[in-house]
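Asker: So the chains spell out like this:
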Amino acid sequence: MLVMVSLTAAPIQAADPSRPITSAELDELILDGMQESDLQPVVADEQFLRRASLDLIGRPPLPEEFHRFMESQAPDKRDAVIDHLLDRSEFGAHWANYWRDTISFRVPPPELTFLDYGLLQGWLAEQFNSNRSWDEVTRAILTATGKVKENPAATFVGYHQGNSVKLGAETARIFLGIQLQCAECHDHPYESYEREDFHRLAAFFARTKGELGKVQDGTGTVVSDRGKGEYAMANAMDASAKGTSMLPTLMTGEGLPLGKPDMARRQRLANLITLPDNPWFAKAYVNRIWAKLMGRGFYEPVDDMGEFKDQVLPHVHTALTAHFIATGYDVKDLFRLILSTSAYQRRLPSSGSEDDMLAAGTTARRLRGDVLFDSLVVATGLPDITPPKVAATKAFRFPPPPKSTRDLVVDAFAADPSLPEEEQPRTMSQAMFLMNNSQLQEQINASPGSGTQLSKVLSEHPENKTAVEHLFLQVLARRPTEKELEIAVAHIDRVGNRGDAFEDLLWSLINTVEFTTKR
Amino acid sequence: MESRNDMHVPMIDVGMTRSGVVSRRGMLKQLAAGAAAAGAATLGWRDLMMARADELRARGKSMILLWMDGGPSQYESFNPKIGSKYQGPAKAISTKLPGIEFAEYWPRTAQSLDKIALIRSMTSNESVHDRAIALVRTGYPPSVSIRYPTFGSVVARDRFDPHLDLPSFVRIGKPRIATRDVDAGVLGAKYASFNINHPGSLPSNVRPTVDEKTLRRRLNLASTFDGEFQSAATKDLVQEKRDLYARTEQFVLSPRLGVFDLEDEPQQIRDEYGQTEFGQGCLLARRLVEQGVSFIEVISTGGRNDAGWDTHNNGFRDNPPLCRETDQAYPALLHDLERRGLLEDTLVVWMGEFGRTPKIKPDGGRDHYAKGWLTAFSGAGVRGGQVIGATDKDGLDVRDRPVEVQDLFVTFCHVLGLDTHDEYIAANERPIKLVEGGTLIRELFS
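Read top to bottom, the protein sequences are chains A and B. Per this note's numbering: the first sequence ends with 790, consecutive numbering throughout. Per this note's numbering: the second sequence ends with 1040, consecutive numbering throughout.
No lab work stands behind these hints, which were simulated from the structure alone. Because the structure is a prediction, the values reported are computed rather than measured. Errors might be hidden in some of the hints.
Derived pair list, reagent style DSSO-like, types lysine-lysine, alpha-carbon separation capped at 27 angstroms [claimed, not checked]: (1) A:563 to B:784; (2) A:736 to B:807; (3) A:674 to B:768; (4) A:754 to B:690; (5) B:1027 to A:674; (6) A:563 to B:829; (7) B:807 to A:754; (8) B:955 to A:665; (9) A:437 to B:1027; (10) A:580 to B:1027; (11) A:531 to A:418; (12) B:768 to A:665; (13) B:768 to A:660; (14) B:768 to A:485; (15) A:665 to B:953.
Chain B side only, calculated, beta carbon under 7 angstroms to chain A, not exhaustive [as the list claims (entries may be wrong)]: (16) 724; (17) 738; (18) 754; (19) 772; (20) 835.
We treat Cβ as the ideally placed atom computed from N, Cα and C, and that holds for glycine.
Kindly produce the complete structure, drawing on both the sequences and the hints.
Answerer: Take a look at the structure:
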């Protein structure tokens, strides 16, 4: 059966859906049916800079970047800084982290292998930095073959060990934003997908082989063609009965006959998925990016855009999707478009606002592990230390790889990017890390000989007020308010010892809500 | 991933604190709806207590899982087959139970069989480590699509209380091979185990690096700044952070953290458990039970290599020390719990992921075998001094009363007062029952 997810007809559409839209047009669409006065005003420069920096390069601005931006009188300085951030290599690295996590969170850890995603991360960073289009990146990932070490794009297929069921489900979830795996055993309970839809998709991977290889970090994994075989859907009534061979077919009805080699199948799948008239591909990407930037997706969770799922601002989603297709899936352009809107630049809405209102502006998000680590580096000068590798011995054959400081933060603040913001875990380990971690606490040392960033700030700023101001810049990327300055100065007076008081201040600032939040 | 408490519908939800004290307010709140519906609004506090005494007792129970990582041999432990060609050099010794014999490496456990109900007829379909561990630690067959949680996390979720200053699920010792570990899975970090890699020392980041006065001064200052940050837009964020930090502060400054420090335990008691990682881990488990921790897992690997109980090679050499270490600690734990009146509220389970093959290699190694493996139950209403099920004279097959892994989980739930039909919600809105299938092992309680 052919199942189509209808793209909801938009009440307002940019004049020509094949033409890219402007940020102003996008704002107009968002405002449709709302009063501008219902919405929050646009944020001041310092808040915008922190927000845009966290979203584009995964860290807050440095004090010198802050000053440069604040001092600029250029009327288009926000657009200019967006362009500047998109040109930094940290842009690719940051979004590579996001996609690495999106993929790796659902890869079951294999026996005796500590999968390393560093190569995939590096490869993705290059693709994003060179602004390779999303359809090309997707085709590269889905059709990759050979050794992960030599072709990191093969990580997705390889680390799933060529498992057709898993690859079918994950391809649908990550690249099409739909959940088909429920249909593995029965027709989807809440959607119109049938069991066959899932198995026909999995059949594209029927001959995909992924062998982990001997290297314990997984980078020796090889993706190749199994050479024979078809995908059989098990008999739901009788597991011992012979299954049914499935034609590799996408839910749009297009596919391949049986008997084709692995590469022909995966190339066909990759092409079908990335065709401009594929109803999910562009929509899924746009939904994820919107969710990450604005705090809430058109659909939540972002990988579950089922036909009967709630959607907010459908006409905006439609227009953005059309725009993304019209630009040839231009990754950087989409960021530029969204970040330039007033919607992105609005102040946070009151908690408890209506869904549409929330979706029409930016809502707060907690920082993910990598971003938090990089924020700690800016705030305290935290070094990234990797302990020496423990060599395998005859007695202890499988020592886990050592954890760098970044790994420790990423582990404590690990969050599956596909889950909605409110389902991201908030744990005591996270609080304990920021409160007590010894590596971090070593940076909270004001004594002149310690060589810490804090000690340098204190020697460069003998005035307490300016030292406090500098600390706020470094930790929260903004100047303190009058009231905050008063609180800080009163604290310094009360404690008496300057060093002790500033250690308290730095500790307290990294343990505020604001530090761990994109707002 | 579960996130909302309202998805969690327990059979009863009485506010029992970790130290076993029932919070009256929690209980009354819970009872209000039910009591009104039953027209029993006139029942007094005492009546209500009486009415639910059984459930309350069940809710206060703890579980200690002694995990024999790698799969212990039944021939070299609690089901020797003297006279069979498959029995190695291990001789049999008599036990407290007439007619029941253990391998010679277990003299102390043999004399404690009156406190143990031994199951000799475990069966499963999984005889590869990662798959068997997934099954035996979660109660669900291995799955590539759902990461089922280990049972300790299921218990932690059931017993979650934001006001407690100790974790409800503690794991002591490290699994011998990290990639086979089974964690909180779809239940997420909130219900993950609190890991003590070496008994006697706390994990990093728990102990503050500054004195209590300084820490509180800093927390106050952070809270003042949070107050400044708070607005209509951020009040939920600030509240959430305050709750989390209040719990964390209570934990890291808790005088009860001393429970993890074994130094204040009398030398004689420490020696009773044996001066080994596993022995001291069992001692720590007892201390945690005393403090009301709900689920404790102590991992036995022998520590000399990462083979643990996985004695494919050199079984004749490696089994005696592995057994001796456990034979010291396991009965010591049972006696100590009993002496302190804790055994009646603590379920102690000894098991691994499977057993070993009848066929012996020349050096005494045995491969994996999932028929006729062993589990042992004590405490929490279990009638000790009995053997359930049997294998044939060579130990090739189960001859009597096969017990499956799901039966174990139904039984754990029964003892701990968890409703097996209770469901948690995994990603994709898919409800998962605590246990699927299985029947209670009634003999344990008869």
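Asker: Hints first: check each against the structure and report whether it holds.
Answerer: Tested hints:
A threshold of 27 angstroms between alpha carbons decides the hint, and for residue 563 (chain A) with residue 784 (chain B) the separation of about 23 angstroms falls inside it, so the pair holds. This hinted pair checks out: residue 736 (chain A) and residue 807 (chain B) have alpha carbons roughly 25 angstroms apart, not beyond 27 angstroms. Only pairs whose Cα atoms come within 27 angstroms are accepted, and residue 674 (chain A) paired with residue 768 (chain B) is accepted, the gap being roughly 16 angstroms. For the given pair, residue 754 (chain A) sits about 75 angstroms from residue 690 (chain B) by alpha-carbon distance, which is inconsistent with the 27 angstroms threshold.
Among the hinted pairs, residue 1027 (chain B) with residue 674 (chain A) is inconsistent with the structure: their alpha-carbon atoms are about 35 angstroms apart, more than 27 angstroms. With a CA separation close to 21 angstroms, the supplied pair residue 563 (chain A) and residue 829 (chain B) stays within the 27 angstroms bound. A threshold of 27 angstroms between alpha carbons decides the hint, and for residue 807 (chain B) with residue 754 (chain A) the separation of about 25 angstroms falls inside it, so the pair holds. For the hint linking residue 955 (chain B) to residue 665 (chain A), the alpha-carbon distance of about 20 angstroms falls within 27 angstroms, and the restraint holds.
Taking the CA atoms of residue 437 (chain A) and residue 1027 (chain B), the gap is near 23 angstroms; set against the 27 angstroms cutoff, the hint holds. Among the hinted pairs, residue 580 (chain A) with residue 1027 (chain B) is consistent with the structure: their alpha-carbon atoms are about 25 angstroms apart, no more than 27 angstroms. A distance of roughly 22 angstroms separates the Cα atoms of residue 531 (chain A) and residue 418 (chain A); the hinted pair therefore holds under the 27 angstroms criterion. With a CA separation close to 18 angstroms, the supplied pair residue 768 (chain B) and residue 665 (chain A) stays within the 27 angstroms bound.
A C-alpha spacing of about 18 angstroms is found between residue 768 (chain B) and residue 660 (chain A), which places the hinted pair at or below 27 angstroms, so the restraint holds. Proximity of residue 768 (chain B) to residue 485 (chain A) is assessed by CA-CA distance (about 24 angstroms); at most 27 angstroms being required, the pair is judged to hold. A C-alpha spacing of about 25 angstroms is found between residue 665 (chain A) and residue 953 (chain B), which places the hinted pair at or below 27 angstroms, so the restraint holds. Given hint, residue 724 (chain B) at the interface with chain A, holds; its Cβ is 4 angstroms from that chain's nearest Cβ, closer than 7 angstroms.
With its C-beta approaching chain A no nearer than about 5 angstroms, residue 738 (chain B) sits inside the 7 angstroms limit, and its interface hint holds. Given hint, residue 754 (chain B) at the interface with chain A, is violated; its Cβ is 12 angstroms from that chain's nearest Cβ, farther than 7 angstroms. Checking residue 772 (chain B) against chain A: minimum C-beta separation of about 5 angstroms stays under 7 angstroms; hint holds. Hint status for residue 835 (chain B): holds, given a least beta-carbon distance of 5 angstroms to chain A, under 7 angstroms.
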